[in-house]
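Line by line, the protein sequences give chains A and B.
All residue numbers for the first sequence refer to my numbering, where the first residue is 1 and numbers rise by one.
All residue numbers for the second sequence refer to my numbering, where the first residue is 1 and numbers rise by one.
Hint data in this document are derived by calculation from the structure and do not stem from the laboratory.
Note that CB positions come from ideal geometry on N, CA and C, so glycine has one too.
Check the hints yourself; a few may be wrong.
[Claimed, not checked] Dumping the calculated DSS-like pairs for lysine-lysine here, alpha-carbon to alpha-carbon at most 25 Å: (1) A:Lys257 / B:Lys51; (2) B:Lys114 / A:Lys304; (3) B:Lys114 / A:Lys261.
[Stated by the list, open to error] Output of the computed footprint for chain B on chain A, the stretches with three or more beta carbons under 8 Å from beta carbons of chain B: (4) 176-182; (5) 186-195; (6) 238-245.
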Amino acid sequence: MREVAMVGAGMIKFGRYPEKGVHELAAQAALLALQDADMTMKDVELLASGNLYQSSAMIGQRIMKEIGQTGIPVINVANACATGSTAYREAYMAVASGAYDTALAVGSEQMGKMGLLGGGGGGGGGGISPEGIVGSGLMPAVFGQAGVEHMRNYGTTEEQFAKIAVKNHKHSMHNPYSQYQVEMSLEDVMNARTIAWPNTLYMCCPTGDGAAAAVLTTMEKAKQLTTEPIKVATSTLTSDPYTERDLTMPDVNTLTKNASKLAYEDAGVGAEDLDLVELHDCFATAEMLHYENLGLCGEGEAGKLIDDKETYVGGRIPVNASGGLLSKGHPLGATGVANICEVYWHLKGQAGGRQVEGAKVGLAHVIGLGSACTIHILQK
Amino acid sequence: MAEAETQGKQVKPILPFLHISDNPDEKPYLAGSKCKSCGATYLGARMACAKCYSTEPMEDVKLSDKGELHVFSIVHQSAPGIPTPYVAAIVDLPEGVSVRCNIEGVEPDPKNLKFGMPVEMYTEIVHTDRDGNDIMAFKFRPAK
Numbered sequence: 001m002r003e004v005a006m007v008g009a010g011m012i013k014f015g016r017y018p019e020k021g022v023h024e025l026a027a028q029a030a031l032l033a034l035q036d037a038d039m040t041m042k043d044v045e046l047l048a049s050g051n052l053y054q055s056s057a058m059i060g061q062r063i064m065k066e067i068g069q070t071g072i073p074v075i076n077v078a079n080a081c082a083t084g085s086t087a088y089r090e091a092y093m094a095v096a097s098g099a100y101d102t103a104l105a106v107g108s109e110q111m112g113k114m115g116l117l118g119g120g121g122g123g124g125g126g127g128i129s130p131e132g133i134v135g136s137g138l139m140p141a142v143f144g145q146a147g148v149e150h151m152r153n154y155g156t157t158e159e160q161f162a163k164i165a166v167k168n169h170k171h172s173m174h175n176p177y178s179q180y181q182v183e184m185s186l187e188d189v190m191n192a193r194t195i196a197w198p199n200t201l202y203m204c205c206p207t208g209d210g211a212a213a214a215v216l217t218t219m220e221k222a223k224q225l226t227t228e229p230i231k232v233a234t235s236t237l238t239s240d241p242y243t244e245r246d247l248t249m250p251d252v253n254t255l256t257k258n259a260s261k262l263a264y265e266d267a268g269v270g271a272e273d274l275d276l277v278e279l280h281d282c283f284a285t286a287e288m289l290h291y292e293n294l295g296l297c298g299e300g301e302a303g304k305l306i307d308d309k310e311t312y313v314g315g316r317i318p319v320n321a322s323g324g325l326l327s328k329g330h331p332l333g334a335t336g337v338a339n340i341c342e343v344y345w346h347l348k349g350q351a352g353g354r355q356v357e358g359a360k361v362g363l364a365h366v367i368g369l370g371s372a373c374t375i376h377i378l379q380k
Numbered sequence: 001m002a003e004a005e006t007q008g009k010q011v012k013p014i015l016p017f018l019h020i021s022d023n024p025d026e027k028p029y030l031a032g033s034k035c036k037s038c039g040a041t042y043l044g045a046r047m048a049c050a051k052c053y054s055t056e057p058m059e060d061v062k063l064s065d066k067g068e069l070h071v072f073s074i075v076h077q078s079a080p081g082i083p084t085p086y087v088a089a090i091v092d093l094p095e096g097v098s099v100r101c102n103i104e105g106v107e108p109d110p111k112n113l114k115f116g117m118p119v120e121m122y123t124e125i126v127h128t129d130r131d132g133n134d135i136m137a138f139k140f141r142p143a144k
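Just chain B, same shape as in the assembly (with noise of 0.2 Å):
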């Protein structure tokens, strides 16, 4: 808390697994863990392989900022206050990680969607917190 008055403001990542380096100059990625024995990757840290189990630490991996539309829905009834239509959709990554993400860039209409489309992550500020830290999420848009 100390550290964070005196620094004033920070960038806040929405979700753990978006990682933001403290150079400017580096892009924020997804970061991703990867299981030793049988390859399996996973968003963010864990403690265990839920595909085999094993305990051995993971490799940390970037994520690739480019992937494919697995599937998505069109939301247009949502929570209070989140704002609709909008994209929901599954996007696959290279290295065998599904996101789940908003796609922006597109008119919210099936019919501009197309399964395995490719689409590259961009970060946006998407809110200011309590403390007046910016929050920093992650969406996708076509690829250009």
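So here's chain A without its partners, still in its complex pose (with noise of 0.2 Å):
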């Protein structure tokens, strides 16, 4: 496999734009991030789409009919929350493997006002959903459970996952790409309606539209075209195994454990080398869960390494610099290729007023329920 690096990075403003259809969302990211690379769709040799609930829509071909038909391959993907870093992971793939040298990964999402998300599981009589008759199989319950048993475990407390949200809320303050930029006090957050115990309104992620992306190419082709060019160290993917509750209860943990393992072995880095984390912070409570995950600290510390406000920035490892899903929004398919956006930023400095000062080694994960789990290491 070849060294791979990003070259360009672009992403609109997480929010609401009815007005427009998704691919001209995604085409006005594309254009942003073949701008940042010093590109244009000539030099591109493969496009990959993530988007989820428009994935038989073609949109990737549809962004190509905005910025330049090439007649390039164009592969669309789905893979739930993990759509948009799946794609980047597909760019990552072709330009690795040698069969191209430069590709295009755009992730981009049209949700509106949808409301809650979920599977919910096919009922079994007449066409009568289970849904809330047994038990939830829709997310903010789901998270709220994941929330619940880290309780069981270990005694964490509602108002530790709260802080989480004070936490990204006030980080999101200096991102001028987040959907919201509010900040909350504990006591706000608290206080406001519970959506599924113990995840307030404002523990969970908005629903958005919004695009990103990334311009990938070999490292030979990088240094040509910057001094400090961007490496991805690792692009790994896992699904779920075999778990005692995960055909019930969704399992979010192993899969990300696991993922962090791989990558970890993979780019030749531990958690304690990287300078900052953009992980997957549907709710406050899956942010709780993959401090542990990813290594962050030991099992069972990650109510502490709140407490000790470890992963504000300025922290030990700070973490959603961004303002996290909880503030900078979760359109599906746009996230996984924000979240490496806004690593990238941080590496090349230009991250703003949320700059993690001289960051060197960044993580961005994903998951998405079902279950996919992407993690990326990129590293100046």
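Both chains are given apart, each in its own frame, so use the hints to dock them into the complex.
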């Protein structure tokens, strides 16, 4: 496998764009990334497009109809919330394998105000949904239960989960790409209405629209383009292995632990080498679990990590300097590419008011329930 | 269809692994399948074992109607038409199977729910479908 470098990042502010088509949002992000790389569609040899809710609508090709129909191969990817990062991985694999020199990954989604997400599981009788009658398969309950399991195992408190939301909302104040930029106190978060205990409204990510894009090329070419190339040290993807309750209660931990072990081995770095992490905080409870899953602290120590403010920008290991999904938003197909763009900007020293000073190694983690986990580690 | 019309309305399970006997004296139960190779037990029927990949036909098992509360969430906002708040839980059965379910019979408040508390299954009719069939669901409540 060849060394791969990221040479361009582009993203539009996440929010609501009812007047635009999702391919337009995606094309806008693609142009920004190409511009950042000082390239045009003429330089791109493969396009990987991630979009979940319009996965049958050939979004990748529609992007090219907006910005350049060069006839190159296009892959349209769907992988739940890991859709964008899986598209990024397709672009990475295309370059790493030696088949193509330069590839473009675009993630996009238009969700509007679509409300609560989740499969809920198929009903057995006359099309009657079991949702709310036989438990819940919707995301708020699933990630509520995942957090409650952490409470059961380690005595984690509602307040500790809420502190994570306080941190991410505070971080968002410095991110112009964030859907929401509203600072909140612990009381604001804890007194908000409960969506699915222990997560209140401000501990759940919003729905929205957005797009992000990245240009990948060989390290050799990257060195011709820039004096400070950003290496993609690993692009790791796992699915959920058999664990005791996974078929009933999605196990978001084991596949992330597996992915982080593989990713650290592949990249030749450890959790202690990371300068920043963008992880999948679809709910505040999720971020707590992933502190441990990614090895940022020991088992059962995640509550203390947030109590000690270690994951704030300025702390030992800043997590979600972007504001995370909780503030920045979570347009499903865009999220996985946007997380990587955020890490890229920090390594390039282009993250403005939220910059993690001197960042050299960063990790972007995404989990799509069902389940898929990606980890990308970028290195200066 | 012809059979259903002649027999009138039927009682149908909300999920396929809720077994309803033709004999009205037999209590409905959750049906499982057990891998003959590794012993992993599943809700409902399966094509092969997710744990050890054995494709040997599995053993049908009748799962216990008593279990322990593993974890829960209190759902306050759900899809339109679903009454809230309610307790959305994961219950562990002694056969090594976990079940997603509602916990009824307690006010939906975290203070009323204890990890590991014993719970028991019961069934009730929750809907009538377009063809007039009753839809039966299983629920759990604190064990007496």
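Now the hints, each set against the structure:
1. A:Lys257 / B:Lys51: Since the Cα atoms of Lys257 (chain A) and Lys51 (chain B) sit roughly 18 Å apart, the hinted pair holds (cutoff 25 Å).
2. B:Lys114 / A:Lys304: 24 Å, holds
3. B:Lys114 / A:Lys261: Outside the cut-off at roughly 34 Å; violated.
4. 176-182: Answer violated; 0 residues pass the 8 Å Cβ test.
5. 186-195: holds (count 3)
6. 238-245: holds (count 3)
Comparing the model with each earlier hint shows violations of hints 3, 4; every other hint is respected.
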